[in-house]
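Each protein sequence line maps, in turn, to chains A and B.
Under the numbering used here, the first residue of the first sequence carries the number 4, and numbering increases by one thereafter.
Under the numbering used here, the first residue of the second sequence carries the number 4, and numbering increases by one thereafter.
There could be a bad hint or two in this list.
The list cannot tell twin chains apart, which means a pair is met if one copy fits it or any two copies do.
[What the hints assert, rightly or not] Lysine-lysine pairs mimicking BS3-like chemistry, simulated, CA-CA at most 25 Å apart: (1) 227 <-> 348; (2) 246 <-> 365; (3) 74 <-> 371; (4) 425 <-> 374.
It should be emphasised that the hints constitute simulated quantities derived from the structure, not laboratory data.
Protein chains: 2
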Amino acid sequence: MDHQENLTAYVAAFVAELVKTGVKDVVISPGSRSTPMAMVMAEHPDLRIHIHIDERSAAFFALGIAKSLRKPVAILCTSGTAAANYYPAIIEAHYSRVPLIVLTADRPHELRDVGAPQAIDQIHLFGKHVKWFVEMAPPEKTDEMLRYARSVCARAAAIALRSPSGPVHLNFPFREPLVPNVGKEDLFDLPVRSDGYVSVETGELTLSEEKYEELAGILSQYDKGIIVCGPLDEEFFAENITKLASALKFPILADPLSQLRSGKHSKDYIVDAYDTFLRNSDCKKALKPDIIIRFGAMPVSKALSIFIKENMNIPQFVIDGGAGWRDPAATTSNMIYCNETEFCKSIAKYVSEKNHNQFLDKWLEINKLTKTKLSKINDIEELSEGKLFYQLADLIPDGATLFVGNSMPIRDLDTFFHVNDKSIRIMANRGANGIDGIISTAIGAAAVSQPMYLIVGDLTFFHDLNGLLAAKLYDINIKILLVNNNGGGIFSFLPQASQPKYFELLFGTPIDLNFEYAVRMYNGKFDKITSWEQFNSSFLRNMDDSGLSVMEISTDRDRNLIEHRELWNYVSREISNKINGVS
Amino acid sequence: MDHQENLTAYVAAFVAELVKTGVKDVVISPGSRSTPMAMVMAEHPDLRIHIHIDERSAAFFALGIAKSLRKPVAILCTSGTAAANYYPAIIEAHYSRVPLIVLTADRPHELRDVGAPQAIDQIHLFGKHVKWFVEMAPPEKTDEMLRYARSVCARAAAIALRSPSGPVHLNFPFREPLVPNVGKEDLFDLPVRSDGYVSVETGELTLSEEKYEELAGILSQYDKGIIVCGPLDEEFFAENITKLASALKFPILADPLSQLRSGKHSKDYIVDAYDTFLRNSDCKKALKPDIIIRFGAMPVSKALSIFIKENMNIPQFVIDGGAGWRDPAATTSNMIYCNETEFCKSIAKYVSEKNHNQFLDKWLEINKLTKTKLSKINDIEELSEGKLFYQLADLIPDGATLFVGNSMPIRDLDTFFHVNDKSIRIMANRGANGIDGIISTAIGAAAVSQPMYLIVGDLTFFHDLNGLLAAKLYDINIKILLVNNNGGGIFSFLPQASQPKYFELLFGTPIDLNFEYAVRMYNGKFDKITSWEQFNSSFLRNMDDSGLSVMEISTDRDRNLIEHRELWNYVSREISNKINGVS
Numbered sequence: 004m005d006h007q008e009n010l011t012a013y014v015a016a017f018v019a020e021l022v023k024t025g026v027k028d029v030v031i032s033p034g035s036r037s038t039p040m041a042m043v044m045a046e047h048p049d050l051r052i053h054i055h056i057d058e059r060s061a062a063f064f065a066l067g068i069a070k071s072l073r074k075p076v077a078i079l080c081t082s083g084t085a086a087a088n089y090y091p092a093i094i095e096a097h098y099s100r101v102p103l104i105v106l107t108a109d110r111p112h113e114l115r116d117v118g119a120p121q122a123i124d125q126i127h128l129f130g131k132h133v134k135w136f137v138e139m140a141p142p143e144k145t146d147e148m149l150r151y152a153r154s155v156c157a158r159a160a161a162i163a164l165r166s167p168s169g170p171v172h173l174n175f176p177f178r179e180p181l182v183p184n185v186g187k188e189d190l191f192d193l194p195v196r197s198d199g200y201v202s203v204e205t206g207e208l209t210l211s212e213e214k215y216e217e218l219a220g221i222l223s224q225y226d227k228g229i230i231v232c233g234p235l236d237e238e239f240f241a242e243n244i245t246k247l248a249s250a251l252k253f254p255i256l257a258d259p260l261s262q263l264r265s266g267k268h269s270k271d272y273i274v275d276a277y278d279t280f281l282r283n284s285d286c287k288k289a290l291k292p293d294i295i296i297r298f299g300a301m302p303v304s305k306a307l308s309i310f311i312k313e314n315m316n317i318p319q320f321v322i323d324g325g326a327g328w329r330d331p332a333a334t335t336s337n338m339i340y341c342n343e344t345e346f347c348k349s350i351a352k353y354v355s356e357k358n359h360n361q362f363l364d365k366w367l368e369i370n371k372l373t374k375t376k377l378s379k380i381n382d383i384e385e386l387s388e389g390k391l392f393y394q395l396a397d398l399i400p401d402g403a404t405l406f407v408g409n410s411m412p413i414r415d416l417d418t419f420f421h422v423n424d425k426s427i428r429i430m431a432n433r434g435a436n437g438i439d440g441i442i443s444t445a446i447g448a449a450a451v452s453q454p455m456y457l458i459v460g461d462l463t464f465f466h467d468l469n470g471l472l473a474a475k476l477y478d479i480n481i482k483i484l485l486v487n488n489n490g491g492g493i494f495s496f497l498p499q500a501s502q503p504k505y506f507e508l509l510f511g512t513p514i515d516l517n518f519e520y521a522v523r524m525y526n527g528k529f530d531k532i533t534s535w536e537q538f539n540s541s542f543l544r545n546m547d548d549s550g551l552s553v554m555e556i557s558t559d560r561d562r563n564l565i566e567h568r569e570l571w572n573y574v575s576r577e578i579s580n581k582i583n584g585v586s
Numbered sequence: 004m005d006h007q008e009n010l011t012a013y014v015a016a017f018v019a020e021l022v023k024t025g026v027k028d029v030v031i032s033p034g035s036r037s038t039p040m041a042m043v044m045a046e047h048p049d050l051r052i053h054i055h056i057d058e059r060s061a062a063f064f065a066l067g068i069a070k071s072l073r074k075p076v077a078i079l080c081t082s083g084t085a086a087a088n089y090y091p092a093i094i095e096a097h098y099s100r101v102p103l104i105v106l107t108a109d110r111p112h113e114l115r116d117v118g119a120p121q122a123i124d125q126i127h128l129f130g131k132h133v134k135w136f137v138e139m140a141p142p143e144k145t146d147e148m149l150r151y152a153r154s155v156c157a158r159a160a161a162i163a164l165r166s167p168s169g170p171v172h173l174n175f176p177f178r179e180p181l182v183p184n185v186g187k188e189d190l191f192d193l194p195v196r197s198d199g200y201v202s203v204e205t206g207e208l209t210l211s212e213e214k215y216e217e218l219a220g221i222l223s224q225y226d227k228g229i230i231v232c233g234p235l236d237e238e239f240f241a242e243n244i245t246k247l248a249s250a251l252k253f254p255i256l257a258d259p260l261s262q263l264r265s266g267k268h269s270k271d272y273i274v275d276a277y278d279t280f281l282r283n284s285d286c287k288k289a290l291k292p293d294i295i296i297r298f299g300a301m302p303v304s305k306a307l308s309i310f311i312k313e314n315m316n317i318p319q320f321v322i323d324g325g326a327g328w329r330d331p332a333a334t335t336s337n338m339i340y341c342n343e344t345e346f347c348k349s350i351a352k353y354v355s356e357k358n359h360n361q362f363l364d365k366w367l368e369i370n371k372l373t374k375t376k377l378s379k380i381n382d383i384e385e386l387s388e389g390k391l392f393y394q395l396a397d398l399i400p401d402g403a404t405l406f407v408g409n410s411m412p413i414r415d416l417d418t419f420f421h422v423n424d425k426s427i428r429i430m431a432n433r434g435a436n437g438i439d440g441i442i443s444t445a446i447g448a449a450a451v452s453q454p455m456y457l458i459v460g461d462l463t464f465f466h467d468l469n470g471l472l473a474a475k476l477y478d479i480n481i482k483i484l485l486v487n488n489n490g491g492g493i494f495s496f497l498p499q500a501s502q503p504k505y506f507e508l509l510f511g512t513p514i515d516l517n518f519e520y521a522v523r524m525y526n527g528k529f530d531k532i533t534s535w536e537q538f539n540s541s542f543l544r545n546m547d548d549s550g551l552s553v554m555e556i557s558t559d560r561d562r563n564l565i566e567h568r569e570l571w572n573y574v575s576r577e578i579s580n581k582i583n584g585v586s
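Here chain A stands alone, though its shape is the one from the complex:
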């Protein structure tokens, strides 16, 4: 059998099967060794090909698509350090449970570890951060090896997707010559089982009816219960958790990434200002629960984390369909491995519905008071980070996605972005909480879901500037709110801020860049915001623009710290007054 025929048939079988598993998007970084796979993929009529020069951005771009679609996306690169650039996004995918199929081209065996160019050890390159690694067999066009390529492909997609979702890595040894024969009419004809070689049905973790009934019985005994929903992105979770909360009459403390603060479900039990009022010790005493039920990853709010820790002596149930161990303070008493939506549905059936719950009322009352008082942020006339986030829920159009950077933006969102009746999907990279790859992840999501707003700080914006290239090359619409406080704003809130000697050098790290240049290079529109009037009009004006649009809001790190502190102190005083009966 001739080399090209072996190569082409094997790769085409793999790619055809990949499409059958439901993969629609492939992000390719240019290279020579990956030629057979890249050309065969480009030939497939049902694959969308996205090209990205910088592999680090490419992998985050794919992560964004996969997050948005909740489906596996494939990435492909050549041999060598190209693949190593995937590492940050792979780790993020691993911890945030996003399915990625990582395909790397490698030198064939005889060119490994012998000083051949661009040859590095790619076996288990991503260590424990992928769910599955396969060193693929060299290409062969025998029935057996075509079946092998197809079944490995189907299996890889299934592993990536099954809960907890995550990345898988297949490493392909390709020998020269590398150009496949893509001119064949029947390139993607599958000789057997033309609908796909093996379809994988994966169930979700679910408990027995007896166990649900038992757990419902336990939960029903409590009056003082709270539900904590951290980052979680399941399609039907919102309506089912709100039904369960309604039956139990428990408040739901909803992290911005729980997807519960926006949407069409009932918001009656949603508590969204806890990050502020749980800083107050009177409040924590008044709201002390007897049981906590927790879903999703750990919430963003440090105040809430501390509250959970302080209540370590009560039963704490953690429901995790991905069977992880999301319990940083070791406070969990019952770890329940069960699909979250299924759990809510099944428990609700057996719960003896309460009519009224004073404890719930107290939570809702304080939450309402807190939000009323927090609205004071609107009085600030200068450009302010808090006010910006406060206004987002009003400004952002229904149906949009809001992608939020780590460090300050996600925290400000937590504090200032409250319940609303729009459908706004909130996204962030909260697997490893890095400041890397945020632009690319958001633009990847924007490629499949519109409209898209991204809000990031200047260091995060800088870290992934290369990610903007995709918006230019593919005319992807993305609106970026760039909060530029010239450095690492979050450090002002940390104990490091008490060390003036090294603060600016090691933590503040101002980089003094005029980002307008970068935005122009990528054919973007740049608005430097100097007032709230201008911000509002720019925001509205940009709404229907296509391509890249960046609004830069310059703020001051020191003033931002003072604004936050003063506001929290003010609200805290008001809450204490209320609780202590001072009018």
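Given chain A, put chain B in place with the hints provided.
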């Protein structure tokens, strides 16, 4: 013992010892978890602190310093994907044998794998690409643990440096609160052995005198021998290899990264145009050797690699002081693990010196003819990549370093940059030959060695645009020759170019960026070159400028291919005529 005291003493002992091992430079990326190490390092009077926001660039920047100084450099970052961004540079360091001390901060044990923020599995994060990994003990201020911190540090530096040099990784679990007490007067006082806890003397591999004599006897028997010097950067290698060549009367085929084409040593035996004339089969027949002695990594030239492979039936000696296996075509007959400089010195003592060697004359004659004919490139009036490289040896000032990008630049340098009597150090990232991190590596080297010229293509320039920030923040002088052919120029030379349907999409990948914007953002000077006159005057004018200066030379990928092909064909005809006696 109080937490802060434990933390401070342990970290200070480590840092004090690090300085004693000879480390002068530390590249730090801002983060919270790394606070104890960062602050203690900043306090040390003998450490130069370089701050880099983007960890990928940071690690390459450190690589550049370490390459230039031939000494270990430390890098430090916070926990999470920050560390994963180091991976490409670590792999490059591993394969190019550059000493790096990678320090990562990690969550303490109780916060690992439990969903804590920014906590990822950092144990063996870089897999087999580091020479040593240590999960450090938690900080303690006992005599025993301070000795431990110091001896691990000394050992890490020694391992990183010893041949083959490479990266080591130490992972530090730090518990909150993270701020150390750096105000202490005696912070770096070492209670015992104030000159450093343990000094490590590492010998080099060397053979016995009997073995040297035996090998010298074998080599002396050959008339038709050639010496191939690939990438190698040892301080006294040049003078010793030229002495050995003179004794044996063998030509030295000197890769541009062998550091043999420039410098003060004798160039009488240096052959520098083989990449052109070894494309000619008449020539390869006429110059067929009976023995090959090879030093350093595999040379850049594909023509030379093929020539080595075609002569697999003759004895091929490979001398490798790092005891690797640099033999991609499996043609080596004798693998000799011995320090390269020591080998040359010792063998030369026992060689029976020849007076004359016709075989050598033939090599030198064809080399000379080739260079005469190659000079035709100078007649091209348009901007041309080949001509640019041809002119470099004349233009670049004595004592400068020339850093060269991968893909086309290193190949053009090989073809067009010939022997000269200046001291020009040539650098490139030839461990894994990536297009990533080149700007940062060059700027890192520029931080410790001046003047520095970097020549790169547009995709390489784009890939590490973030690297330019260091030049701005630290006013580092670097002159960049940006060869902009709007895409991946090397692919035009590969078989992929025969596939027009997908060529531009997958391989050509034009990105159409006006890089002037980026250069301006980093306060650089940008010259768009439109003619050779302008190039020459800009080059001279920029010579004494400080900071970042970019000269963009726009070329055309198709025309570049034709120019190269036509020139090679022309020279090849001339060589054949000469060999076949046609005047």
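A quick look at each hint next to the structure:
no.: 1; hint: 227 <-> 348; verdict: within (21 Å within a copy, 84 Å between copies)
no.: 2; hint: 246 <-> 365; verdict: within (20 Å within a copy, 90 Å between copies)
no.: 3; hint: 74 <-> 371; verdict: neither (38 Å within a copy, 61 Å between copies)
no.: 4; hint: 425 <-> 374; verdict: within (18 Å within a copy, 72 Å between copies)
Of the numbered hints given earlier, the model fails hint 3 alone.
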